[in-house]
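Place chain D on chain F using the hints.
Chains F and D, in that order, give the protein sequences.
Here this note's numbering is used: the first residue of the first sequence is 15, the next is one more, and so on.
Here this note's numbering is used: the first residue of the second sequence is 8, the next is one more, and so on.
To be clear, the hints were calculated from the coordinates, so they are not data collected in a lab.
Incorrect hints may appear among the rest.
Straight-line distance between alpha carbons at most 16 Å, and here's what the computed EDC-like set of lysine to aspartate or glutamate pairs gives [said to hold, decoys possible]:
1. D:60 - D:74
2. D:112 - F:52
3. D:112 - D:10
4. D:116 - D:88
5. D:109 - F:52
6. D:112 - D:88
If you want a taste of the chain F side facing chain D, the calculated C-beta under 10 Å gives, among others [stated by the list, open to error]:
7. 54
8. 64
9. 70
10. 72
11. 74
12. 76
13. 111
14. 121
15. 125
This structure is a prediction, so every number in the text was calculated from the model and none was measured.
For each residue, glycine too, the CB sits at the ideal point set by N, CA and C.
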Amino acid sequence: NAGVTQTPKFQVLKTGQSMTLQCAQDMNHEYMSWYRQDPGMGLRLIHYSVGAGITDQGEVPNGYNVSRSTTEDFPLRLLSAAPSQTSVYFCASSWDRAAKNIQYFGAGTRLSVL
Amino acid sequence: KNEVEQSPQNLTAQEGEFITINCSYSVGISALHWLQQHPGGGIVSLFMLSSGKKKHGRLIATINIQEKHSSLHITASHPRDSAVYICAVMRVGSQGNLIFGKGTKLSVKP
Numbered sequence: 015n016a017g018v019t020q021t022p023k024f025q026v027l028k029t030g031q032s033m034t035l036q037c038a039q040d041m042n043h044e045y046m047s048w049y050r051q052d053p054g055m056g057l058r059l060i061h062y063s064v065g066a067g068i069t070d071q072g073e074v075p076n077g078y079n080v081s082r083s084t085t086e087d088f089p090l091r092l093l094s095a096a097p098s099q100t101s102v103y104f105c106a107s108s109w110d111r112a113a114k115n116i117q118y119f120g121a122g123t124r125l126s127v128l
Numbered sequence: 008k009n010e011v012e013q014s015p016q017n018l019t020a021q022e023g024e025f026i027t028i029n030c031s032y033s034v035g036i037s038a039l040h041w042l043q044q045h046p047g048g049g050i051v052s053l054f055m056l057s058s059g060k061k062k063h064g065r066l067i068a069t070i071n072i073q074e075k076h077s078s079l080h081i082t083a084s085h086p087r088d089s090a091v092y093i094c095a096v097m098r099v100g101s102q103g104n105l106i107f108g109k110g111t112k113l114s115v116k117p
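Chain F on its own, in the form it takes in the complex:
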């Protein structure tokens, strides 16, 4: 049972480049989310999804797009990378938005934008 899988683990981009961070879970979880973690700050929610075909913005959505075409996958797209997007990104999932559920986290993607 793989849990939540994130790829890549590390990435270096130049300003203006685009890329997609992949997130997949094999637990049939309805709720998936993307966070960024910056030094001296708590994890901040970028986007989330409460089920296939449904996405919504979190606290810091600017510069990021998401889609949820299947229950398993929740990719995060950077359309035009900026140095301010240098961060560590975590994907997480849980059974259901309404219930009080344990969150399962991926291993993280460390992104540097030069």
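Frame of chain F, contents of chain D only:
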């Protein structure tokens, strides 16, 4: 003011010591989570609480809803407990979204 405050920010302990990490929050919540972030970066969920107390091995988590406060205790601490401990709350009425504290960095010396 942050909605979730943790104290202390950094904590150094000797192996075997009893450790307490505190979390205070200012919003109504339906649940509170304690997470552990390993030095390698991975995040693991330790506890989810909505009332009372939970225990798992040497870890104990308590919550006082009236006082909007939770504590994470580690008994007989060990160097392998060295990690960042993160408190996160699920606000009442939210769609399952969490609000995170900044974390407490614990270092346990042998």
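Checked hints:
Using a Cα cut-off of 16 Å, the hinted pair residue 60 (chain D) and residue 74 (chain D) holds, with the two alpha carbons roughly 15 Å apart. For the proposed pair residue 112 (chain D) and residue 52 (chain F), the alpha carbon gap of about 15 Å is at most 16 Å, so the pair holds. Between residue 112 (chain D) and residue 10 (chain D), the direct Cα distance comes to roughly 19 Å. Violation of the 16 Å bound is thereby established for this hinted pair. Distance restraint check for residue 116 (chain D) and residue 88 (chain D): the Cα-Cα separation of roughly 10 Å lies within the 16 Å cut-off, and the hinted pair is therefore satisfied.
At most 16 Å may separate the alpha-carbon atoms for a hinted pair to count; residue 109 (chain D) and residue 52 (chain F) meet this at roughly 10 Å. With a CA separation close to 10 Å, the supplied pair residue 112 (chain D) and residue 88 (chain D) stays within the 16 Å bound. Interface hint status for residue 54 (chain F): upheld, as the beta-carbon distance to the closest one in chain D is roughly 7 Å, under 10 Å. With its C-beta approaching chain D no nearer than about 6 Å, residue 64 (chain F) sits inside the 10 Å limit, and its interface hint holds.
Against a cut-off of 10 Å between C-beta atoms, the interface hint on residue 70 (chain F) holds, since the closest Cβ of chain D lies about 7 Å away. At a threshold of 10 Å, the smallest CB-CB gap from residue 72 (chain F) to chain D is about 7 Å, leaving the interface hint in force. The restraint placing residue 74 (chain F) at the interface with chain D is violated, with a minimum CB-CB distance near 12 Å, outside the 10 Å limit. With a least beta-carbon distance of about 17 Å to chain D, the hint placing residue 76 (chain F) at the interface is violated under the 10 Å criterion.
The interface hint given for residue 111 (chain F) holds, since its Cβ lies 3 Å from the closest Cβ of chain D, which is under the 10 Å cut-off. Among the interface hints, the one on residue 121 (chain F) holds; its C-beta lies about 5 Å from the nearest C-beta in chain D, closer than the 10 Å criterion. Against a cut-off of 10 Å between C-beta atoms, the interface hint on residue 125 (chain F) is violated, since the closest Cβ of chain D lies about 13 Å away.
Hint violations for this structure: numbers 3, 11, 12, 15, all remaining hints satisfied.
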